[in-house]
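Peer 1: Here the protein sequences line up with chains P and R, keeping their order. For the first sequence, my numbering assigns the number 1 to the initial residue and increments by one for each residue that follows. For the second sequence, my numbering assigns the number 1 to the initial residue and increments by one for each residue that follows.
Wrong hints could be hidden among the right ones.
Stated by the list, open to error - In silico DSSO-like links for lysine-lysine, alpha-carbon gap of 30 Å or less:
(1) R:K202 with P:K109
(2) R:K278 with P:K133
(3) P:K327 with P:K341
(4) R:K197 with P:K109
By construction, these hints were calculated from the structure, which means they are not laboratory data.
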Amino acid sequence: MNDKKVMVEIEGVNKIYGGTNHVVKDLSISVYEGEFLTLLGSSGCGKTTTLRMVAGFEEPTSGSIKVAGVNIENQEPFERNVNTVFQSYALFPHMTIFDNVAYGLKIKKTAKAEIKERVTNMLDLVQLGGFEKRYPSQLSGGQKQRVAIARALINRPQVLLLDEPLGALDLKLRKQMQLELKRLQKKLNITFIYVTHDQEEALTMSDRIAIMNDGVLEQIGTPTDIYERPASKFVATFIGETNLFEGCVSGIEGDAVSVTLETGTVTAKGSDYQMNEMVAISVRPERMQYSFEPVEGFTIEASVKEQVYVGSILKAIVILPNGNEVKIERLAGQSIPTDGKVYLYWNEDDAKLIHSRSQVFFDAVENMTFSSVS
Amino acid sequence: MSKHKMKSQTIPALTMVGPVTLWLAFFVAIPLLYVLVMSFCSLDSHYNVQFQFTLDNYRRLFDANYVQIYLQSLLIAFLTTLICIVIAYPFSFIIARTLSKKKAILYMLVIIPFWTNSLIRIYGWRTFLGTNGWLNNTLQTLHLTGAPIEFLFNRGTTVLGMVYCLFPFMVLPLYTAIEKLDTNLLEASSDLGARGKTTFLKVILPLTASGIFSGSIMVFIPCLGFFFVSDILGGGNADVIGNLIERQFQSGNNWPLGAALSIILIALTLLLVKLYQKCGGDMDSLGV
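Only chain R is shown next, with the shape it has when bound in the complex (with noise of 0.2 Å):
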């Protein structure tokens, strides 16, 4: 009898987590393995990868070079978090306290652009903002300016692109902590004696923060890596790590390093996972 029990659990369990486990180990485990050995691989003169063991692109990732769109890097990736919450904040509030008909409706207009490709719509931008595009034709014609002006290609349009592909990460999990609030803990702190400021900062503040906190991590993390944002709206001005690493894998056509600068953002990414987790951030709200 026990026998038969015991049968019946472990087979169905085998059949559930077995596929999962191979999905894993297929397109997580192995790639991440196989860049991590390449990451140690070095070139021959012919750029052809070699397995043999060097630590030269780990060193070269030190180079100033590197170190100057490390930094440049985060400092897009801050901006964006920062503005991201700046907007998102109220936006995220308004959507929560709206009652049910108007709410879809602001909600669906978060997540229609999620339906249209982000590569399409940073090429739109860049239509928009070009120098023959149509801000710079409307300015025109309404004689604001004489000649066109370059909007295009520099740290701000970099900015602005990485927080239009990056909001609805930053609005849904605040979204869903403001929409927790219970409105009675709003009135509780009024009743106490606290004005509209004071329960901001002591109350609400401090209840949503855990969705400031994970939109934070949604948003600062891709911004690492959105490459082709600013390939097409930084035009080589704003990097970030994302583009050093596409160009080792393309023009550069050196893997090893290119593996090595993964490596560097893979082991940033954990890090910045790691402090969120130790900070009491909830993984379930990342999605992860």
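Chain P on its own, in the form it takes in the complex (with noise of 0.2 Å):
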């Protein structure tokens, strides 16, 4: 990625509203050209606040947002080669949605024949061939946000913001869609800046995910990086579901820490760690293992409580001595405990040892758990 030329520069943006209203804190991001970079957050955490700041409906507080290596923040937002695909749509609903999607190229005064030609190609690039002369409270809202797409497309930007574009649509056409806009973005090899609060949606479609919290960027990399190896609780906890286990550490020996936990001791890889730290080791349920015997290197014992089916995977959650729930999860067709005692362990690629920070941020992020989990 280190290669590729930088398309859009956020470097130390702050937004404050009102003078006291802090939306968006120091934020620094560097988009790569032809990139699909998603900020992903709950909503109010400055996502759209962002996205906004590039498209020039609001100004920053403080900070620079470089286009191409312009500086852009004092440009109105007719002056910026970027555009806009609103969470509304916001198509106009007087106009055909030919009149709607040449809109852009009829302010820049193209040619009659030119327009004609870019606006057939482009609605058929969005499968929307044959519906010119319709207005927009004649179509579905699918449709209309393929017209949105292509009506912001066609003025070939340098960056396209999407503002939660499918938050509207129901799952399949959803689902749909985000195979659409991701194939539409590779084959046109525009940069795209997507934000949503939709970790699944995130993880499906984007080159890098940016997530945000409370105004604050916590971690930027690729799914993978996200999912696997989580900078910190927020992220383990927002992204997928994970099971955390709190501790304090209580040895070092080169990359080896070892935490103490409420049951036992256990050791974890990790280094920048400190004697003494909170700390929390984050396993996945699908990487939870269990034993009806004792493990060595483990003293995690717990009960089961439930089992939950849900179609393709099979869901248990067991509890441990002080009442924590801990998940463990299994495709179909494999095995899973159904009730009694068993012991939990992991391996140790799949323990992802995190910072603690402070316990007011911690329980903010147990807060959002409960909402953004799916």
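Join the two chains into one complex using the hints; note that each chain is given alone, in its own frame.
Peer 2: Right, here's the structure in full:
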């Protein structure tokens, strides 16, 4: 990635509303040319504000935004070579589909014949050929979305900004549009900045994901990076489900860190940790191992609470002596504990050691997980 | 069973529609019919109405003096409507785009004058603009003029009074139309490269045209009939169709002719409303 040209450079951007409401905090992100970058976070995390600052609808309180090396933070939206796809589509209701898509070209005073050709091609590209004479009110949600995308893409923007564009669609259509958008992006090789609160959508579509929480960039990386190597407890719990084992560093030998949990001491791999530091070990439910016999190196005993059947996967919820729940997930057909006592353990590579931050922060994360875990 | 069902549906329906029908019959249909019949009646030598069919009243409507007043009436209505649009459009835009607390205050400023009789308010203008009125007194005190200026009794002051009376009728539909305007559309237009002026012409204006349209209808039509405004502020120099009608029923004592004039005014109104409907106007926004 690093040899690629930077298309959008957000540097030290802050956005403060009314002097006190700090929505985006010292944000720095580089988006590469032709990249599909997703800003992911729950509502109110500042992701949409960030997008609107790139589009020009909001002005950063401080910091700079560059597109293709040029500072744009003082340019009006109509001067920027970026286009936006709005969550509400924002199609002009009094214009036909043709006129909607042709809007940007007409303003640039493009020749009529060229407009006609480009609109026709663009509508074909989004599979809406033949819809030219219809009005937005005569289209379904998915079709309106395609028009909105066509209307933005026809201007050949350097960057396309998408603000939860699939939010209003039903699940099936959303899945289909996700793949289509991704295909379109690869085909046209346009830089996409995509805002969503749907972590699955982010994992499916993105080249890289930037996770934001309360105006702060928590982590930026490829979907695999983020899922496999979460940098914080927030990321670990926000992306997919996970089991967190809280503990305290009680020994360091090279990259082997001993962590004392309530139930005993285990070792995990990690560097950059200090003695007595509060940490958490994150183990994904599908990586959680169990045995009916005690396992060497682990002393985590649990009793099975319930089993949940979710179509293609099986879930078991087991309870630790301290009352915390741990989830175990297996593909259908594999075995899963049904009742009684089990001993939990994990393979060293499946356990991720994470720094614990302040308790206040941790509480905030805990509250978020209830609404965000799918 | 089905009979019971029928019964329970028809009886309330009748009780619902019945009073409205009676109301419309007594206060709309019968008076209108009365005016229509009256317009074909003739007068005897003592100005008593006689039920004798004649088309004379309609023939007199084409009298050059009358035609001149129709034209003047249309001109006054047109100017009033135009001025109302020009003032009300930015005003409505400001109300619609202001935050809730100030919005209520601005909105009330439009509504409150409604609570005072318009006749009294028009007399207020006369007191203000008269040769011995506040404006002239102030100008003279400031030595800006030597002698009082005659502001009153012309088309200008009549239009002023009309605008003053009918302004809210322009603001309300405009406000509704502008309020409905999705700000995302304005952002989308800007995002696609349009400057403010282009966005206004291509997006804002077409999408609020319905408001301008219904506001115009609601200002234009009353303008033709608001005789008290031209009476008080126009002093006979700016008569509208309403003045002609009023005069026939009052001093002229010629009810059949007044009725014929009324029929013309009603016909003109219906024509305008029909036109409005034809152009895609929404009847609901007229409160009809």
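Peer 1: Now look at each hint and say whether the structure bears it out.
Peer 2: Here's how the hints hold up against the structure:
A C-alpha spacing of about 14 Å is found between R:K202 and P:K109, which places the hinted pair at or below 30 Å, so the restraint holds. For the hint pairing R:K278 with P:K133, the CA-to-CA distance comes to about 22 Å; that is within 30 Å, so the pair holds. Taken as a hint, the P:K327 and P:K341 pair is honoured in the structure, with Cα atoms around 14 Å apart against an allowance of 30 Å. Proximity of R:K197 to P:K109 is assessed by CA-CA distance (about 15 Å); at most 30 Å being required, the pair is judged to hold.
The structure meets every hint from the earlier list without exception.
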